[in-house]
Amino acid sequence: MEHVLPSYKFVDDTEELREVSPRKEGLVLCECTPSLKNMPDIKSDEQRFCFLKSLRGQSKKAIEDACPTLISLSTQNYDAPFKTAFEEFLLEFLSSSDSRLVRKTCLHLLRSIFYPLSEFESFFSLFSTLEESQYHVIEPILPKLNNLVELVKEKHLAWDYLKAVLKKMISHTNGWIRCFGFQSLTNVPVDVFRSDINFVVFDYYKSLNSYDPFWRLDETVGVVSYIGKLRNINKQCLSESFVKSLLSLFESRFSPSPLLFLSQTLPDVNDKYLTDDDMPLIRRVISEICCLQYPNLKNEVVFNFIKFLFAAFDWEGPSSGKGIISLFTFFPLPLRVNVCGLVVKYVNPRDLIALFDGKILHNGLLELLSCLPTSDFNEFMFSCDDINVKLMMAFRRHDFLEEDVVKQLFIERLFVAVEKVVNEEEYINLCLGPILSRLDVTTDIHEMLISNLEDNRSNISRRDVFSTETEKAILFLEDCSRILKKVDSETKSLLLERCEVLAKETQKSSNFPIVCKYWIIIALSALQEVEKTSMNSLEKIMEIGLKNPQVAFMLSREVRSSRLPDCMANMMMRLAIYGDVVKKDDLVFHLANATAKRSDDLIYHFDKLSTMVRENAILSIFNQDNTESFYSALTKEVIEEIVEVDKTKSRSFGLSLGHRLKTRLVLLLLLLVKQNSNNPHKERIISLCINTILDGSQQFSIKLPVEWILTTYCMESEEFLEEWLQKDVYFGEKRIGSVVSWMFVLLRYLKDRPQRIYDAVFRMLRWITVTNFSVKCATIAVLKLLFKWHSKEMMEDPRLEFVKDLVTFNPEIGGNSQEVVNNIVKDPFFNDINSDQLDLHVVFYQLPFLCGMPRDELIFEIRPGPEALKVLVDFLKEFREGPLKESDVFSTLVKNKFSAPEMLSMIPEMKCNDFTEDFQQKIDPNENKFERNGKELVVVASLINKTANLGGLCRTCEVFGVSALVLSNENIISDQNFKALSMSAEKWIPIIEVKPDELLEFLESSKLQGYKVVAAEQTSASIPLHEFEFPDKTLILLGEEKRGVPPELIRSVDQTVEIEQFGQTRSLNVHVSASLFIYQFASQKYC
48 MEHVLPSYKF
58 VDDTEELREV
68 SPRKEGLVLC
78 ECTPSLKNMP
88 DIKSDEQRFC
98 FLKSLRGQSK
108 KAIEDACPTL
118 ISLSTQNYDA
128 PFKTAFEEFL
138 LEFLSSSDSR
148 LVRKTCLHLL
158 RSIFYPLSEF
168 ESFFSLFSTL
178 EESQYHVIEP
188 ILPKLNNLVE
198 LVKEKHLAWD
208 YLKAVLKKMI
218 SHTNGWIRCF
228 GFQSLTNVPV
238 DVFRSDINFV
248 VFDYYKSLNS
258 YDPFWRLDET
268 VGVVSYIGKL
278 RNINKQCLSE
288 SFVKSLLSLF
298 ESRFSPSPLL
308 FLSQTLPDVN
318 DKYLTDDDMP
328 LIRRVISEIC
338 CLQYPNLKNE
348 VVFNFIKFLF
358 AAFDWEGPSS
368 GKGIISLFTF
378 FPLPLRVNVC
388 GLVVKYVNPR
398 DLIALFDGKI
408 LHNGLLELLS
418 CLPTSDFNEF
428 MFSCDDINVK
438 LMMAFRRHDF
448 LEEDVVKQLF
458 IERLFVAVEK
468 VVNEEEYINL
478 CLGPILSRLD
488 VTTDIHEMLI
498 SNLEDNRSNI
508 SRRDVFSTET
518 EKAILFLEDC
528 SRILKKVDSE
538 TKSLLLERCE
548 VLAKETQKSS
558 NFPIVCKYWI
568 IIALSALQEV
578 EKTSMNSLEK
588 IMEIGLKNPQ
598 VAFMLSREVR
608 SSRLPDCMAN
618 MMMRLAIYGD
628 VVKKDDLVFH
638 LANATAKRSD
648 DLIYHFDKLS
658 TMVRENAILS
668 IFNQDNTESF
678 YSALTKEVIE
688 EIVEVDKTKS
698 RSFGLSLGHR
708 LKTRLVLLLL
718 LLVKQNSNNP
728 HKERIISLCI
738 NTILDGSQQF
748 SIKLPVEWIL
758 TTYCMESEEF
768 LEEWLQKDVY
778 FGEKRIGSVV
788 SWMFVLLRYL
798 KDRPQRIYDA
808 VFRMLRWITV
818 TNFSVKCATI
828 AVLKLLFKWH
838 SKEMMEDPRL
848 EFVKDLVTFN
858 PEIGGNSQEV
868 VNNIVKDPFF
878 NDINSDQLDL
888 HVVFYQLPFL
898 CGMPRDELIF
908 EIRPGPEALK
918 VLVDFLKEFR
928 EGPLKESDVF
938 STLVKNKFSA
948 PEMLSMIPEM
958 KCNDFTEDFQ
968 QKIDPNENKF
978 ERNGKELVVV
988 ASLINKTANL
998 GGLCRTCEVF
1008 GVSALVLSNE
1018 NIISDQNFKA
1028 LSMSAEKWIP
1038 IIEVKPDELL
1048 EFLESSKLQG
1058 YKVVAAEQTS
1068 ASIPLHEFEF
1078 PDKTLILLGE
1088 EKRGVPPELI
1098 RSVDQTVEIE
1108 QFGQTRSLNV
1118 HVSASLFIYQ
1128 FASQKYC
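In the working numbering, the protein residues as written are 48 to 1134.
Rather than coming from a laboratory, the hints here were simulated on the basis of the structure. Hints are supplied without guarantee of correctness; some may be wrong.
Stated by the list, open to error - Derived pair list, reagent style DSSO-like, types lysine-lysine, alpha-carbon separation capped at 27 Å:
{"id": "1", "residue 1": "Lys-683", "residue 2": "Lys-587"}
{"id": "2", "residue 1": "Lys-532", "residue 2": "Lys-579"}
{"id": "3", "residue 1": "Lys-594", "residue 2": "Lys-655"}
As the list claims (entries may be wrong) - Pair by pair, the computed Cβ-Cβ distance ranges are:
{"id": "4", "residue 1": "Thr-1112", "residue 2": "Ser-119", "range": "54 to 62 Å"}
{"id": "5", "residue 1": "Phe-700", "residue 2": "Leu-1115", "range": "31 to 39 Å"}
{"id": "6", "residue 1": "Lys-1042", "residue 2": "Val-690", "range": "46 to 54 Å"}
{"id": "7", "residue 1": "Phe-700", "residue 2": "Arg-782", "range": "15 to 23 Å"}
{"id": "8", "residue 1": "Ala-1068", "residue 2": "Asn-1018", "range": "32 to 40 Å"}
Just so you know, even glycine gets a beta-carbon here, dropped at the ideal spot from N, CA and C.
Sequences are here, hints too, so could you generate the full structure?
The following block contains the structure:
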């Protein structure tokens, strides 16, 4: 294309690149004609086979360049073998190529050569539509997948066609299309794809190695249901090659949660698919999965794999199972105990001794052997020569030491220095006598113990207490934690220093939570004696806990056992509102933990850690032993934190971190107000609540607790009630919508105390006449509720007799206002929850549930233990559980919980007639090239000033193939307002800069180059747009937004053209007018 108006400067000089590069992928044969001149001379089938073979492994550019040759091949005559090979080639490149041009070429050739009939249209429609990125464009065509499945089942189409579509889906850029693809395979008969192991394992399963598919699947069909279907697929695909391929997949690193889910799909096996020859593969897989860093997930995954491997392994092979037993060296001790139980199913107990030889100490079989029947156990003890094994086995058959002996042992171990032990043997007998007295073993054991203790004498010395050996140091901390009451404050300070050092050393190891546990215990124990040092340690622990839920949980658990000093108010506030926004990956991780076998230690219940932290903190805060000064300090901290949260930008966004934190804070403040409504911070609390009500952006999960706080003050103080009754005008002047909260406070107060009902109704009546929809509906609903609850009292008061007629009068039988009023009247917040019903379940579970908060924000679903309730303040000792009811008024957050398109939850019921043949399909600019053939349109917008108009105009010009856009300032294309509407169109169209005072010269110069100047303006000589025939080379002059085209420029135009109008408004927006002109030119010249 020639440069338009070459005497003027272009902003972007890469016009050739803009024009050619984005449009080079056209599929029409005539566009490829120039390339056919250089096409290789291919005439025989042998040459054709060689040509196809040569394309494999070529670069993307080389294959794109070969597309014209492929199109030419399709027009030649060839034999059946080549036709089959050609189809296979096209299918292969259709699925594997990352070039859209290559895929479109393959799709075109498959349709034109092999499947031109309409019955195969479902495949071509599906695949071509999947080239789009937006879900709403693809959704209408998805039901056609069922048509495609039927074609494959009836063998009208090969499985490879369905595979191509499924691969396209599970690798799509849109996550919900990927989700649809993952679900779809589970609904395809297994017979269709059973033989294609590579697709199932290396395409489908490998794509599941991500957290993204599982949270989407959980929102649609549920992960548990999906895993069950995958398990069924595995069961039906079982074969030697499938099992080995599946195992080879897990040689590479998998994310923890997906690995757990996939391990749960391993089916029960009855046949033997693995032998001793497969041990290298098995070892690599077990070694890899043992790298999981979460103990509970690792135990579950390993157990699932070992169960599968044991069942699939041939135990009667040459090694008699010794090879697979060697895997036990990979497992930590707790896991060995679980796995050992599986061995008995395949090996006779009497054969265990011979099977494990002398490796008993290293493979964890001691636990299994110690549980053998007495006869087998005695036989083993008799035949075993290893004295260490005998001792360990004997010890496992007896009870542990009594508590008094343990106590004595710890005291001796901690505080008796080696040099003070006069008689070493006597000391050994003191420590180990209770064990030795119960063992009927030889004196060799006793001598062995003395020898071992002598070698490890430093282990009982205080000199080596702070050794760099982590395990030894942890054991020492464990001992210290048991006798802290006997340790002086100086020693506790020293212990805290050492704990901090040890925590830093073990931060990235599995020992870190254990070290933090003892650090917390020691810090809390020393709080009264060395407050500053202890609080310093606790603050450091809290900082760690903000990033590590396990540490936060241990801290919250330990503080429950002690009375809280004032200095811990801030820390307790942070624990009570603990927890970040749960991300999608976290949801999958929590789901994996919930489906795995639970550990007895709660610190490994990752899915519940944040909620357990908050529960523990609330139970600690409202312990009856806490002082009023502590509650005062805590209230101050809560108020200041609310003020800080209100400064965040995200505070008003539903389910943002700011919204969640403030919800937790106001719920805590509600209980603190109930605990002491006359605390020193009362005025600040009331002011904060009023400001919250006046802020129209606050969510209901915040407003309802705030209204409840104000209701509590009304119930506690007649003076405040009187003030509140007079507040309606203040709220109405500040923000009319806040009057609703004013009425709701009175409504809940009057439900239990109707004595002031006349005064309240008298104040409310004025608001029934306002034009504000929410206030009017709320007033009617409040009056209806009051009459519903207290009709007898109101009818007995002659001043309120009119209320009956008011609330029963219904001028609008249907409509939105009636629905709103009815929803308020029946809402469970007003009907089922009384203002004095403040207990843990109602405040922290039912109230957030009514407001649509997600499950991770709900705590105290289950009644705490009787011991926990017994020590709470009096008003929280009752725990009212009841059926949950959803609110139609306050549950506005429900829509934010899920993001899955509705269609994805209906895949099994989706029918082929659920779509229309006329579905949305975006235009592909590469398929809509046009030839200018000397036809040029230049749009002159130098007189337009508004950036938004120019951005939209630029986009319109590019879409309709305008040759150039003239602006007064080239820099305007960098403006963000311009870019927001241009949608990057400025990158694809030449931009010319012409100042307004240069326009006259520009127009005259354009005429000399053969352009006709047309002004979009209403004049006495203007022609209607629909009657005007545009010249081949046209320059459209656009006027200013208000004044139009100046008279001095109208004199220089060749023709003025107007748009006929039929309404009362005298003009159109300049961008709209320009769009009509541009489209009219394009329709005349290019269509």
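Hint by hint, here is what the structure shows:
no. : hint                            : in the structure
1   : Lys-683 - Lys-587               : holds, 22 Å
2   : Lys-532 - Lys-579               : holds, 19 Å
3   : Lys-594 - Lys-655               : holds, 15 Å
4   : Thr-1112 - Ser-119: 54 to 62 Å  : holds, 58 Å
5   : Phe-700 - Leu-1115: 31 to 39 Å  : holds, 38 Å
6   : Lys-1042 - Val-690: 46 to 54 Å  : holds, 53 Å
7   : Phe-700 - Arg-782: 15 to 23 Å   : holds, 20 Å
8   : Ala-1068 - Asn-1018: 32 to 40 Å : holds, 37 Å
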